[in-house]
Amino acid sequence: MAKGVIEIKENRCRGCGFCEMFCKKGCIEMSTRVSNLGLPLPDFINPDDCSACGMCAWMCPHTAIEIYEYVEASPATAL
Amino acid sequence: MTDRLLIQGNEAVGWGALNADCRGFFGYPITPQNEIIEWFAREFPKRGRAFLQSASETGSINMVHGGALTGVRVMTSTSSPGWALMQEGMSNLANAELPCVIVLVQRGWNTTRHAQTDYTSVTQGGGYGGYKTIVLAPKSAQELYDFVQLAFYLADKYRNPVVVLSDAILGQMMEAVELRNPDFGPLPDKDWAITGKANHKDGNRRFSSIGQGMLPTPKHPNLCAFWGDYKNKIDTIKKKEVRYETYLLDDAELVLVAFGYVARVSLEALLAARNKGLKVGLIRPITLWPFPSETIRDKAKKGATFLVVEDNMGQMIEDVGVAVQGQAEIHLVNALDRHLPIEEGAIYPEKVLEKIEALIK
Amino acid sequence: MEKKWIAGTPRLWRDIPVIIPFCPGCQHGTAVKALCEVIDELGMEKNSVLVVGIGCYTMASILVDVDSAMIAHGRACDIASAMKRIVGKDTMVITWQGDGDALAIGCEPTIHAAARSEKITTFMINNGNYGTTGGQLAPTTPLGQVTTTTPFGRNQDQGYPIQAAEFIGSLKGVAYTARGAFTSPANYQKTKKYMKKALEKQRDGVGYSFVEILSTCPANWHMSPLDSLKRVEEEVIPLFPLGEFKDVDKIE
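Residue numbers (this note's numbering), protein chains in the order written: chain G, 603 to 681; chain E, 108 to 468; chain B, -2 to 249.
Chain G extracted, bound-state conformation (with noise of 0.2 Å):
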């Protein structure tokens, strides 16, 4: 089940793969799919595996990914 779940800004994106290489469950890949300045992008591809650990966007160093972690609604939202 997954805990999290990530966000990937594709106009950020530079394509380095540092996600890629430190995401320990290897929920990330590099595609072959490019970017507008020609740079290839990562796909999420293993989302259930995700544990939001955080470390794909600490080693980001374009802000290209966003992490979220699903919680269970506060009973005041709930309502």
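Since the hints were made in silico from the structure, they are not lab data.
Watch out, some of these pointers could steer you wrong.
As the list claims (entries may be wrong) - Think about it this way: if two alpha-carbon atoms lie no more than 25 Å apart in a straight line, the pair counts; the simulated SDA-like pairs of lysine to any residue are:
1. B:LYS189 with G:ALA654
2. B:LYS86 with E:ASP298
3. E:LYS347 with E:ALA332
4. G:LYS626 with B:LEU223
5. G:LYS626 with B:LYS190
6. B:LYS1 with G:PRO649
7. B:LYS43 with E:PRO325
8. E:LYS458 with E:HIS446
On the provided structure of chain G, position chains E and B as indicated by the hints.
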């Protein structure tokens, strides 16, 4: 009655700065302006104002940059070789449009004696980028005191560095100085100061850059937008801030042009010549940039001849030449006409009078 | 289930409408991100001033949402010293510099600010060459590295690299020096801790603090981003060891 002090020109700089509410002085020792940095070291820390001796003149001008960024009045002083080192910082200050005051106590080439050899460097903007600085040329300790205050006012008004051009004679000479409080009028708020977001009314960040127009801002989306604004500023200064003094100019056939201590020498020669019935006048530029070109041109059109007196090999004569536009004869009394042909020599009134007599006969 | 933001673009990272010109795999961006996070975590957003010289790192002056000044190459410590003495102890003055900026052209301002025990903090990014100008020899270039001005590799003729964190730490006026890197998530957190500590030394008025941050420069090293990260680990870190070199709470 305000206080009167018998002080050196160099000390008058300090009193002027104190009276103008200068909050920081950053300097490096160099003859003949050491009394200035020593005055600030003595008087500023005890009043809770910043004083810092830098590791070079490059350091002092950049400390001035730092102080100016915070929006308070700051200054430095130096002499000719130090002035050369400061050119990078001067360019940055002008390009970032930061107000500050630099007192330049000139010395002759690399001797520690007097001269006026930095005229061109000071008036033309000696660094990169084609900037201009307002240059005020005092002739006495009193004017050093007054002009330092005027310089701070003009710097704040136009957000531009202002140079007060002294020299070894003015700096070392002792004269009575009246500690008066001129009122120049209101100044705009320094909303641009870099002091942390907590100190801004709107709470937004401020950004200062030495490469205005390079990193786009709403005001200057590109370089030419900044250049346009800067050109307007220069044109306004040229129109509004020209300052000069004249003596007996109306009927003069020969007009002396001199600044700084040489203006006092020239005035004495003028009075001696008038006693002999020679129709001599004097134009003394107070702002060396912007230069009083129009006054000189008017006189040239009326057929006057010009005698430029300056203690260098001839620098201001070029500006006079541009002003008269070929409509008058220009002659020169320069450092080679000193009473002794050595570095201790000075231009004496007798020498100027000799030249006046030769030209009028 | 709700989504809760964990990590990513820091709050103080400004969303600006220009393409941020960091090369793929260049860790200047990581460093700016760490700075944003550290300032935010210390609650210094409203009373911080960032002084940034000229180089690849100049982008920090428009990326970080605090008051900032882009100033001359190499003069950050002089400018920061004067600012700090005027704005007083409640405003944090931070210089953001490169290796050439802080150690070559700016060696005099850096050393004298440290010697005067200025209450400022310097963050120096060390990527072993001059990135903006195309990869020339820097004061931190390791022996053997090929740069455009050492086309056959740096040899003894061009001298030896400067270990800044160690030698600045030897000055009495210095409160804190450390060296960090971004070669792993663990190092990222450690470097952030160093940066935080350096700012705390300034906040507490102890003295000058200095943190050197090792960065990759894939474009000028002519390596892939992943290879350049490996090079930092295998070649640069042995020469520039990570850790804290000076940490005092009071300068006697």
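Verification of the supplied hints:
1. B:LYS189 with G:ALA654: Holds: LYS189 of chain B and ALA654 of chain G sit about 20 Å apart, inside 25 Å.
2. B:LYS86 with E:ASP298: holds (21 Å)
3. E:LYS347 with E:ALA332: holds (23 Å)
4. G:LYS626 with B:LEU223: holds (16 Å)
5. G:LYS626 with B:LYS190: holds (23 Å)
6. B:LYS1 with G:PRO649: Holds: LYS1 of chain B and PRO649 of chain G sit about 16 Å apart, inside 25 Å.
7. B:LYS43 with E:PRO325: holds (22 Å)
8. E:LYS458 with E:HIS446: holds (7 Å)
When held up to the earlier numbered hints, the structure conflicts with none and fits them all.
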